[in-house]
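One line per chain: the protein sequences are A and B, in this order. With numbering that gives the first Met the number 0 applied, the first sequence covers 0 to 188. With numbering that gives the first Met the number 0 applied, the second sequence covers 0 to 327.
For the chain A half of the interface with chain B, some residues (derived, Cβ under 7 Å), not all of them:
no., residue
1, 124
2, 128
3, 131
4, 132
5, 135
6, 136
7, 139
By construction, these hints were calculated from the structure, which means they are not laboratory data. Don't be surprised by glycine CBs; every beta carbon is placed ideally from N, CA and C.
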Amino acid sequence: MNPAILIVIVIVVVLVVVLIGIYNGLVQRRLRIDEAFAQIEVQLKRRHDLIPNLVNAVKGYMGFEQKVLTDVTNARAAAVAAGAQGPTQQAAAENALTGTLRSLFAVVENYPELKANENVLALQEQLTTTENQISFSRQHYNATVLDYNTSIQTFPAVLIAGILGFVKRDFFDAEPEAANVPNVDLSLS
Amino acid sequence: MATRSSFYGQISANKRNSFLMAGFVVAIFALLGFTIGYAIVGSPAGGVAATALALGVGSITGIATYFSGDRLVLTVSGAKLVDEATAPQLLNVVREMAVAANVPMPAVYTIDDTAPNAFATGRDPAHASIAITTGLLEKLDREELQGVIGHELSHVRNYDIRFSLIVGVMVGAIAILADFFLRFTFWGGMSGRRSDRDSSGGNGAAAVIAIVAIVLAILAPIISRFIQLAVSRQREYLADASSVELTRNPYGLERALAKIGTDKEVLEVANRGTQHMYFTNPIKKFEARSSGLMDTHPPILDRINRLRQLTGEAPLEASDAAALAGLD
Chain A
0 MNPAILIVIV IVVVLVVVLI GIYNGLVQRR LRIDEAFAQI EVQLKRRHDL
50 IPNLVNAVKG YMGFEQKVLT DVTNARAAAV AAGAQGPTQQ AAAENALTGT
100 LRSLFAVVEN YPELKANENV LALQEQLTTT ENQISFSRQH YNATVLDYNT
150 SIQTFPAVLI AGILGFVKRD FFDAEPEAAN VPNVDLSLS
Chain B
0 MATRSSFYGQ ISANKRNSFL MAGFVVAIFA LLGFTIGYAI VGSPAGGVAA
50 TALALGVGSI TGIATYFSGD RLVLTVSGAK LVDEATAPQL LNVVREMAVA
100 ANVPMPAVYT IDDTAPNAFA TGRDPAHASI AITTGLLEKL DREELQGVIG
150 HELSHVRNYD IRFSLIVGVM VGAIAILADF FLRFTFWGGM SGRRSDRDSS
200 GGNGAAAVIA IVAIVLAILA PIISRFIQLA VSRQREYLAD ASSVELTRNP
250 YGLERALAKI GTDKEVLEVA NRGTQHMYFT NPIKKFEARS SGLMDTHPPI
300 LDRINRLRQL TGEAPLEASD AAALAGLD
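Here chain A stands alone, though its shape is the one from the complex:
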């Protein structure tokens, strides 16, 4: 066989193998993002399910502060609705919900009967752990997104990522911690 043809064949084979390697690497990174996002969603769903229980448990005691409760209920409904709108909107709605929950727990502090209520305490613990798990899985999700976004924008994957339909993914934004201090009206009339 002509050596020139042989060389060309070898080059083509090597190129194909390298391309397959890059493509599989990208697919794997993208799958990791989806897996990490599923982890967040499990926790978000759990939080959505816990909130009505909490609202029912405290409703009887909190005659004066119905607004805090309706805020939580509305924020929950908004967060559930935002579930289908992609990470950015969803993160915004969930952060708003976190804010209203903090206000609610701050109000609970003012009611000694509530603070001593076992049911409320158990719900509070469950919501705390769910919230922590949300923020830890969010860290993990954002790390996988950063990893993927970096790889599709750097050589050599950048050459083929666009053609093969690998697009940048959004971060699940962390709330700005300091900006979300609960603002509770303590003037009981």
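Given chain A's structure and the hints, the job is docking chain B onto it.
Structure of chain B alone, referenced to chain A:
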């Protein structure tokens, strides 16, 4: 930025050190086997055979420990498995930190003892267990508990649990090998070899090897034990740093260390064989706070001050640590 880079620097330096040290322990083991074999048989071939035998026996005990060491440690420590009904908050915190560390949920045990302490064991993250004393659960708040669990799960994620199981066995095997050789030399080997040497007209090289073997047999157990302890101390720093990486909150762990450090209760179930696994050294020296070569853990104050380095705060003095425990 500076805190972040020094933090990752700490982790990679720790990993490098412990790999080096593990390699060193294996090298000591092989060298000891070789010289002992050479000294007994009188030829390098005997050395090679003895090395192979030593490594073989070492691997068999290593494998046995690898698969059942964790159950042994848990039983010896009197650990009881907990469920949702008995310790819901503990399980929640472990679950959170498992999500943060991206490891499977480990089995969670409690030890009925008022001294606050904790340890992790197992062969890999999929077969890991965490044990916490009831004293720890009572004395720490949620944030502090998170710091401690983060520390223990870092041992799991960094494979320290496997490392401590295997290195523990290696150090034990070196001690047994050296002991065996020394007894053999003094009670039987000497006379047999002396007549051997007389008949062959004396062999300078064999005599030198015999002396080297005796010296090694005396030094190797001590050196390997020092290395194990140095690795153990390094790994504690690494786990503290990793815990902060997971919780993003150095203050919980700092307060937990201060509380546990100033606690005067003694953990009865801990012994010399299990002390290196615990969160803080369960065997307390009330008089001195020196960092001796034989310590399994770095001094608590030093650990607190390394955490404060991460946040850029001024280091504490011995008198301040007690004050820190009072903070809440």
